[in-house]
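Peer 1: Take the given structure of chain S and dock chain C to it, following the hints.
Each chain is listed here by its residues.
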Amino acid sequence: MHILICEHSIDGIFSGIYEAYARRYGHRNTELALSCNLNSYQLFCEYEEIPVAEAKSRKVSNTLRARFGSEVYSHLCEAISAYESPSARRRSIDKAEAVYKTVVLGLSLADGSKILDQLGNPYVNRVFQLSRSTFNEAHHLLGFLRFSELENGILFARIHPKNDVLALLADHFTDRLPLENFIIYDQVRKIAAVHKSGSNYMLAEVPNGADDYAKHYSDQELEYRRLWLAFFHSIAVEARKNLHLQGQNLPKRFRPDMVEFHSDSSDHPASLKL
Amino acid sequence: MQITQEMSLIEKLHILTDAAKYDVACTSSGVDRGGNGKSMGNCLAPGVCHSFSSDGRCISLLKILFTNECIFNCSYCLNNCNNDVKRASFTPEEICTLTMEFYRRNYIEGLFLSSGILISPNYTMDLIYQTLYRLRHVHHFNGYIHVKAIPGADPVLVEQTGFLADRMSINLELPTSESLHRLAPYKSRKTILKPMRQIQNRIQQNKYALLEQNRGTLCRTVGHETGEVSSARNPQAPRFVPAGQSTQMIIGATPENDFQVMSVAEGLYQNFGLKRVFYSAFVNVTNNTNLPMLPQGPPLLREHRLYQADWLLRYYHFQVSELLSEERPDFNIYLDPKCDWALRHLECFPVEINQAEYRTLLRVPGIGYKSAQRILQARKHTALTFADLKKIGVVLKRALYFITCGGKMMYRTKLEEDYICRNLIGDRSQIPREIRQSSYQQLSLFDLGHV
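Those protein sequences? They're chains S and C, same order as listed. Just so we're aligned, residue 0 is where the first sequence starts under numbering that gives the first Met the number 0, counting upward by one. Just so we're aligned, residue 0 is where the second sequence starts under numbering that gives the first Met the number 0, counting upward by one.
If we strip away everything but chain S, and leave its shape as in the complex, we get:
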């Protein structure tokens, strides 16, 4: 058995898939594994590290897009971006391996766009679960993300997502707010999506954090937060009060980044802090 070790990123896994084909060991004799998952080595296996190679990764992504269609392709990318808890990682199929074997199966089909229907296949099923987890969190954040207007008119949002959803969010907001200058900052991964009015967004690494940058809000910002809080508290029907249901629909982990939960006590509309 040949085990190819690749980096935990879209490019890393795609480079791994490229090499898995290029080496011609046969797919039955090849496995992919993420470097971060490698705790112990198995007997009678050859291990090889695969470096990230952008040109190879691009070839793979072009092939996948052409053969599977953009929908399946984006599901694969979402699966790779998904977060796994350490225990889930130990219990289930390695992510790189799941994507690799799904790709192999998909390319053997006449119509690759149907590959994700084969939920009975354990590799496909794993990809499906992972991609669903990313997609769901991204969909939550489309609503839960909050922009604040800075002194210079730029809209700034901070998020702490489990999965790597920044690109999905930036796509959405570029379409929605084409004329705004905005920044979405993923504080967990220290990456920001920066959008300039009338153009496409860019991803930028922010190793030192964005705290200094996002300190000063515009004059109006406080006013609109106050109005939003007034709305948020007035819209609740007292006779139906149900904090459990609220907790189920809006998990606590999203709340630190949402203005309406900043004061931390949802019963006191008066307490307003920036």
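Derived by calculation from the structure, the hints in this document are not laboratory data. One or more hints might be untrue.
[To be verified] Dumping the calculated SDA-like pairs for lysine to any residue here, alpha-carbon to alpha-carbon at most 25 Å:
no.: 1; chain 1: S; residue 1: K58; chain 2: S; residue 2: D10
no.: 2; chain 1: C; residue 1: K389; chain 2: S; residue 2: Y122
no.: 3; chain 1: S; residue 1: K161; chain 2: C; residue 2: C48
no.: 4; chain 1: C; residue 1: K379; chain 2: S; residue 2: Y72
The structure displayed is predicted, hence computed values, not measured ones.
Peer 2: For chain C alone, coordinates are given in the frame of chain S:
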């Protein structure tokens, strides 16, 4: 005498939100519209929830009244003209600014504008139209708008407003016209159903017109270019209420039973092409003598069962006559309507997962319409096992009594009504936790009357 006084925006927002909150619809779904690069906003078909208030309901739209002044005296409504509440009105510009500023901060998905009736239905409808016009054409707002049509307003105004909105709704308020007459003397079935029919017809015409237009554009595109069909729809073509219309009924203010309520809903879906019917558990806010006092709180469990049945109508091809009848006019409070139906039709079960057709799968408790679709796809390639079903998302603790995989049931179990019923009731998810906790008292009380 009216004392006018300058009121701050925040005070108005407070009053007019408070006055709008008993309207349940807050969905932003039903229309997919990409951004156009020039104005602010887009729409996603599944809708987006932006927050959840302390009652656990989704906040998606800025749900406000234009004014809470009203010439009508509907006894269930907080804003009726005999009620002593603080009154306020927005100006169109205030609504536009609030919507735009909230939208760009991603607080909301759009605007939900309703209103009390100021001076006359026409006057009010015109104010609403002016506001939407301003929002769309002065502020270039391209996001979601849900607007109420005012019963009794001129059809021309309703039509003009419809071209600016994504969804329109007219509340049916109460399931029967007698109840409506008793509690809302200024409203009638006629003034409610007439605009509903008008909107339905207009939506249809608009769809055909767009189809015709698309066909024209498609031919041209294919003829001229490389054969690749770009998104051919002309973005300038006006669309009439593209997300469809909805309505709402108040549950528990009047003596109608579930069978009557669901039959009305079914009629609305079939004859008026409605997208959604909403059910609102009655909250007594006016203490009017016409209305029941509800010391145990609003009938939330009944509302929950009605919504479950509503989904069975819209997604699971059930008919009301299968779920309820004159003899059994109310839903079982212990079991959801689908389990209840399955228990009374054990002759249809067990169902073989690897062979049953889609509509049969849909009727199995524990299998949702998405799981059913996935089963159909997945079983083409391999025979499914119970472990696969679990991964696909089937709720086995409910489904296991009704299905076989490869001819075998999951455990040894009896296909017997009492046995399955006992086990299903033991499953605590049958009655949502929040209802169990918040109003257990209510449960045991209204059990006695119904079962």
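Peer 1: If any of the earlier hints don't hold here, list their numbers in rising order.
Peer 2: none
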